[in-house]
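> Chain residues, written in single-letter form:
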Amino acid sequence: MAVQSDSGGKDDVKTQFVTREGTYRLMTLSEYSRPNRVGYTSGSGSSHVRVSLVSLPPGPGGGAPGSDGQGSDDRICFNHGKELYVYVYRGVKKGMSLYYTLPRQAADLTKPVDKKMYKGTNPTCHDFNTVTMTPDSVSLVIGFSTGQIQLIDPIKKELSKLYNEERLIDKTRVTCIKWVPGSSNLFITAHASGQLYVYNEELTCGTTAPHYQLFKQGDGYSIHTCRTKSTRNPLYRWLIGAEGSCINEFAFSPCGTNLAVVSQDGFLRVFHYDTMELIGRARSYFGGFLCVCWSPDGKYVVVGGEDDLVTVWSFSERRVVARGQGHRSWVSVVAFDPYVVSFSEPESEEGVEDDRQKSETVQCYRLGSVSQDTQLCLWDLTEDVLKPPVRARASAHLSPNSQTFSPNGVPGMKAPAPKGAKTNKIGHKHAELSGSNAAGEPSGTKQTKAKVNNVSTLNISVGKAKEETSGSLGVNSLTQRLAGFSFGERRSEHRRNFSLTSKPAEQKSSASISVALRGKSAGASTTESYDPLKLIGTASCPRFDECPVLEPLVCKKVAHERLTALLFRAEYLLTACADGCVNTWARPARALNGDARAPRRLDRIDLVD
Amino acid sequence: MSICQDLGLNFQHRMGANISQLERDIGSEQFPPNEHYFGLVNFGNTCYSNSVLQALYFCRPFREKVLEYKAKNKRTKETLLTCLADLFYSIATQKKKVGSIAPKKFIARLRKEKEEFDNYMQQDAHEFLNFLINHINEIILAERNQSTLKVQKNASGENVTCNGTAPQNAEPTWVHEIFQGTLTSETRCLNCETVSSKDEHFFDLQVDVGQNTSITHCLKCFSDTETLCNDNKFKCDNCSSYQEAQKRMRVKKLPLILALHLKRFKYMEQYNRHIKVSHRVVFPLELRLFNTHFPLQSDDAVNPDRLYDLVAVVVHCGSGPNRGHYISIVKSHGFWLLFDDDMVDKIDASAIEDFYGLTSDIQKSSETGYILFYQSRDASC
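Those sequence lines, one after another, are chains A and B. Read in the UniProt record's numbering, the first sequence has 518 at position 518, and its numbers run on one by one without any break. Read in the UniProt record's numbering, the second sequence has 358 at position 358, and its numbers run on one by one without any break.
In case anyone wonders, no lab produced these hints; they're calculated from the structure. For glycine and all other residues, C-beta sits at the position ideal for the given N, C-alpha and C. Incorrect hints may appear among the rest.
List of simulated lysine to aspartate or glutamate pairs, DMTMM-like, C-alpha gap at most 25 Å [claimed, not checked]:
1. A:Lys82 / B:Glu353
2. A:Lys557 / B:Glu226
3. A:Lys82 / B:Glu226
4. A:Lys171 / B:Glu29
5. A:Lys556 / B:Asp208
6. B:Lys220 / A:Glu243
7. B:Lys74 / B:Glu64
8. A:Lys171 / B:Asp345
9. A:Lys171 / B:Asp354
10. A:Lys556 / B:Glu64
11. B:Lys331 / B:Asp305
12. A:Lys119 / A:Glu166
13. A:Lys82 / A:Asp153
14. A:Lys171 / B:Asp25
15. B:Lys247 / A:Asp12
16. B:Lys252 / A:Glu546
17. B:Lys364 / A:Asp12
18. B:Lys220 / B:Asp208
19. A:Lys171 / B:Glu353
20. A:Lys171 / B:Asp348
21. A:Lys119 / B:Asp124
22. B:Lys331 / A:Glu546
23. A:Lys534 / B:Asp309
24. B:Lys263 / B:Glu200
25. A:Lys82 / B:Glu367
26. A:Lys534 / B:Glu177
27. B:Lys70 / B:Glu177
28. B:Lys266 / A:Glu21
29. B:Lys198 / A:Glu551
30. B:Lys253 / A:Glu546
31. A:Lys556 / B:Asp361
32. B:Lys220 / A:Glu551
33. B:Lys220 / A:Asp545
34. B:Lys346 / A:Glu243
35. B:Lys220 / A:Glu546
36. B:Lys247 / A:Asp545
37. A:Lys14 / B:Asp361
Away from chain B, derived, C-beta distances all over 12 Å, residues of chain A [as the list claims (entries may be wrong)]:
38. Leu29
39. Pro58
40. Gly81
Only chain A is shown next, with the shape it has when bound in the complex (with noise of 0.2 Å):
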C-alpha cells in the first residue's frame, strides 16, 4: 500500500536529461553496484555511498590484470554498508561515437577486482593514490565509520596496513579521506569529532594516545603535532571549529597548495596547506556545510549544505558571490565539471557593449550538484553574476593594495594565494617524501618563497596539477587553456580585489563588515568573529536578497534514493545513491566525438538574479 504523495515526490526517474550541449542519457548497462542487488532496498539507514575512480596508466601489453578482458584502465571503487567494491569500470568506452553502440554488455558484477565485507565498522570513504599507481598496482586508503583506516592494494591484494586500528587517535567516523596532492605517501582523514589528521602511510601510530603539542594557532583553529621522539602518526593534527562540531569534506585546490574544509558548524574555512594559515571563510545561510569542491582554475570555491543553496565563494575576493537555489533538500555533493567551460575572444563578443568586457573574455563554468532530493542539478557559473557590480569600480583606487584586504576579519591574512611558489612546493613535497623523516614542518623559508608574485606559474601548475591528479583522461588541453585564459584576466583579477572593499553598497552591510574588521583588529578569537548573527549581511553570509541567486539550468530526478555521489569526466558523469548503486550518464554524442572541449560559446541570458 503506497502513500501516493500529490507532492511530487514519485516523480519519474529520468534515464536522460538535455542541456543545450545535447542530450545526457543513462547508460542502463553501465550500472554498478553489489552483485545480486535484489530489487529496492534501504535498510541500510544512513548509507554514504561515495566513488573513487581511478584511471591506471596503460600497461605494456594492453589490459591491466584483473581486467578480464573488459580492456579498460579504470577501477573503481565504492562502499555499501559494511560492504566495499572495486570494479573494472568500463564508463563509455573512448572511439565510440555514438551512446547507443557503446555497451555490449552489461558491467559483470559477479567479477569485483576485489570485494571486502567488514565486520562492526563500515567503510566510508576512500581514495586511490594516482602517483604512486602502476598498470598492476594501485594504494587505495580506507576510512571507517569507527575512526579506523586501512591501506590496501585491490589489484595486488598484496598490502593491508591499518591507522588508528585501536583507535587511538580518534573514535569517531572518518568523514573523508585524500591523499595529498602529489604525495606518494601522505594521505589525510576528516573525523567526525571536528579533527584533521595527517597521516605518513609508511609511519606506525604508536601503541599509546599519542601526546600532542602545539604547533600553530589561529583563529577558530589550532594545529598539533605528536610529542614523540621518533616520528610517528598522526604526523599534524588539525583542530578546527567548535570542538566536536564534524568536518564534512574538505578538499584541495586544483594546484594542491590550499585546502578548503567544510564543517557542521555552518563554515568554509580555506586553509593554505602548507603555511597553515586560514585565508578565507564563508558561512552558511543556515545549518552544516556538507561538501566543498574547487572551480578548476582555482579561483572559486563552491559549497552545498544543509540551507539546500549552493554557495559560491570567490578566492579572490574572499565573499560570497552568488548562491544557487534549486534543490529541495540538503546538497550532498558539489563539483565543476570542467570539460564543459566556456570562454570567448573579446572579438567574438557579438551585441553586448558593456564597457567592462572589452579588455577581457566572457567565461561560464558548469557546476553540478546532487542532493538528498534525488535529484542532479546542473548550473551556469557566468561571469556576470560572478564580477562584482560594476559602480563599485569606480572606488578601485582606493585601495591599492589588495594583499592588505580582508573583508572576513580573518587575522593573519597571508597574501592570497602563493602563486610562485606553486611548482617549487610540489618539488618540495616529494623530497619531504622521500627522506626518512617525512613529518617535514611547513617552514618558513617556504612562506617567503610565496609570496613571490608570479602569476604565469600560477597558471602553469594548474595545469600540471591537474595532470597528475586526474589521470589521462585527456583532460590537459582544456585545462591548459582554461589555465591561460586566467592568466590573460589577470588584470580583471586585481580590479575585484578592490571592488570588495566597497561592494555592499547598503549602509548596514558596510556597517556589520566593519563590525568583523573590528573584531579583527582587535584580535578576538573565535567566538565573536564565528557569530553568524554577526555575520549575516558580511561578505562571509550576505543576506538572502543582497547576493544574486542563480537557477538550475538542469534539475532532474535521477534516482530513487538520496544521491550520495558525483563525478565529471571528460565522456560521462557518474552518480551514486544512497541504495548503492553507481550510474553512468553519457555526454551528447556530440561532445563524443573525440572532443571533449567545450561545445560552444554558451549565451548568458538565463541566469536569474
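Got chain A; can you put chain B on it based on the hints?
Same frame as chain A, now just chain B:
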C-alpha cells in the same frame, strides 16, 4: 492499539536501572545545575500529551513564563494553566536530578476541559498542542479582562486591524509573544490587477510534506504562488465579483518560537481514513526562513534574518494517527535527550537523523518528526 506497555511491571525496573544510567551518561560534572530531566508517567495513551509537555518544558521562554505565572498566581481557581504551572514547578523543584513524575492533575483537568481528550484513545499530538496553546492564551486573556474590568469598566481598546482566529487584545499575552507570528497573504486579481493583502496570526505553521525533501523546502512550497480559479475564485472587492486571482503568502513576523507541524496524516478517500505519510523530511539544527519577504518589494518584515535553533521535536512512532506512540527529543544545555513517557535517555545528535522518515513506502511503521520547535537565537535564554 497499544496501551503503552505493561506499565506497572517495567516501571520500577526502569526507575532503578535506566535513570541512574542517564546521570552516568551525562556525567556529574557535566550535569547542568538547576536542570531536571524527569519522565512523565503514561496514564494510558497519554503519550501525545507527555511528548508535547516535554517539548514545551524545554522551550525555555515558555517554561520561564509558566513558572513566572506559577509564582504570581498563588491562589487561583484550578485551570489547565495552573495545572501546567504546577507540573512545571514540580519538575523544576525536584530534589533529584532525574526521575519520573505523574502528571495526574494535569491529565485529569485536560479530560474535564475537552471532551475529545476524555478517553483512553490515542490523540493527535498537534491537536493537543494547538488546544493547549490557545486554551492557555484564553485563560490569560480572561484573567486579564477580569482584572482590567475591575479597574476601568469601559476600555475601548479593542483593535480590529487583523482578522486572526484568536481574539485579540491590544496588549499581546506572553503566549503571543512566544508563539505568535504573522502571515501575509497577498492576492492579485487577474481581472483588475488590484492587489489586496491580509494579515493572519498563527501559533504554528502547518506544512505539507514531500518525499525526500527538507523542512526548508516544505516551508517554501507553503508560500508558493497559488492561482485561485474554477470553484475557488477570489471575491474581488474592486470588481465586485468572483475573479481568478493569484495568491501568495509570506511570513511577515517571525515568532520567537517557531512551531512547525508536518502534516503527516492524510485523509485517503479510497481507505476512508487517515494514512500516515512517512516521507523523509530532513530538518536542520539551524534554520532561517526564505519566505519572509516578497521579491522586489519593500521589506517590512520583522526580523527577516532570524536564525533559529532546533530545540525540541515531537516524534510519532507507528503506522497511523490513531495508533502508535509519541516520544520527544529535546536539546538541553548542548546535548540531546529522548523522552519516552517516564524514560529519559541521552542521545547523540547524529541519532536525530533516525527521525527524518523513510525513503521507501514499503515499510508501514516509522518514527518520524511530527512537530518541530525552533527557537530564535536572539531569544536570550
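> Would you mind marking each hint as holding or not holding in the structure?
Outcome of the hint check:
1. A:Lys82 / B:Glu353: 19 Å, holds
2. A:Lys557 / B:Glu226: Cα-Cα ~24 Å, so holds.
3. A:Lys82 / B:Glu226: 46 Å, violated
4. A:Lys171 / B:Glu29: 22 Å, holds
5. A:Lys556 / B:Asp208: 21 Å, holds
6. B:Lys220 / A:Glu243: The given pair, whose Cα atoms are some 33 Å apart, is violated under the 25 Å limit.
7. B:Lys74 / B:Glu64: Judged against 25 Å, a Cα distance of about 16 Å means the pair holds.
8. A:Lys171 / B:Asp345: 22 Å, holds
9. A:Lys171 / B:Asp354: With Cα atoms ~21 Å apart, A:Lys171 and B:Asp354 stay inside 25 Å; holds.
10. A:Lys556 / B:Glu64: 48 Å, violated
11. B:Lys331 / B:Asp305: This hinted pair holds, its Cα atoms lying about 22 Å apart.
12. A:Lys119 / A:Glu166: With a Cα-Cα distance of about 15 Å, the restraint between A:Lys119 and A:Glu166 holds, given a limit of 25 Å.
13. A:Lys82 / A:Asp153: This hinted pair holds, its Cα atoms lying about 19 Å apart.
14. A:Lys171 / B:Asp25: With a Cα-Cα distance of about 17 Å, the restraint between A:Lys171 and B:Asp25 holds, given a limit of 25 Å.
15. B:Lys247 / A:Asp12: 29 Å, violated
16. B:Lys252 / A:Glu546: 19 Å, holds
17. B:Lys364 / A:Asp12: Roughly 22 Å between the alpha carbons, so the hint for B:Lys364 and A:Asp12 holds.
18. B:Lys220 / B:Asp208: Holds, because 10 Å separates the two Cα atoms, which is no more than 25 Å.
19. A:Lys171 / B:Glu353: 20 Å, holds
20. A:Lys171 / B:Asp348: 14 Å, holds
21. A:Lys119 / B:Asp124: Distance of about 42 Å is beyond 25 Å: violated.
22. B:Lys331 / A:Glu546: Given that 25 Å is the threshold and the Cα spacing comes to 33 Å, the pair is violated.
23. A:Lys534 / B:Asp309: Holds: A:Lys534 and B:Asp309 sit about 16 Å apart, inside 25 Å.
24. B:Lys263 / B:Glu200: Holds - the C-alpha atoms of B:Glu200 and B:Lys263 are around 20 Å apart, at most 25 Å.
25. A:Lys82 / B:Glu367: Satisfied, since the Cα-Cα distance of roughly 24 Å is no more than 25 Å.
26. A:Lys534 / B:Glu177: Given pair A:Lys534, B:Glu177 holds - Cα atoms ~24 Å apart, limit 25 Å.
27. B:Lys70 / B:Glu177: 18 Å, holds
28. B:Lys266 / A:Glu21: Given that 25 Å is the threshold and the Cα spacing comes to 43 Å, the pair is violated.
29. B:Lys198 / A:Glu551: At roughly 30 Å apart (the allowed maximum being 25 Å), A:Glu551 and B:Lys198 break the hint.
30. B:Lys253 / A:Glu546: Distance of about 20 Å is within 25 Å: holds.
31. A:Lys556 / B:Asp361: 21 Å, holds
32. B:Lys220 / A:Glu551: Holds, because 15 Å separates the two Cα atoms, which is no more than 25 Å.
33. B:Lys220 / A:Asp545: 15 Å, holds
34. B:Lys346 / A:Glu243: The given pair, whose Cα atoms are some 19 Å apart, holds under the 25 Å limit.
35. B:Lys220 / A:Glu546: It holds: about 19 Å lies between the C-alpha atoms, which stays within 25 Å.
36. B:Lys247 / A:Asp545: It holds: about 22 Å lies between the C-alpha atoms, which stays within 25 Å.
37. A:Lys14 / B:Asp361: With Cα atoms ~20 Å apart, A:Lys14 and B:Asp361 stay inside 25 Å; holds.
38. Leu29: 25 Å, holds
39. Pro58: Holds: least Cβ distance 41 Å, greater than 12 Å.
40. Gly81: 15 Å, holds
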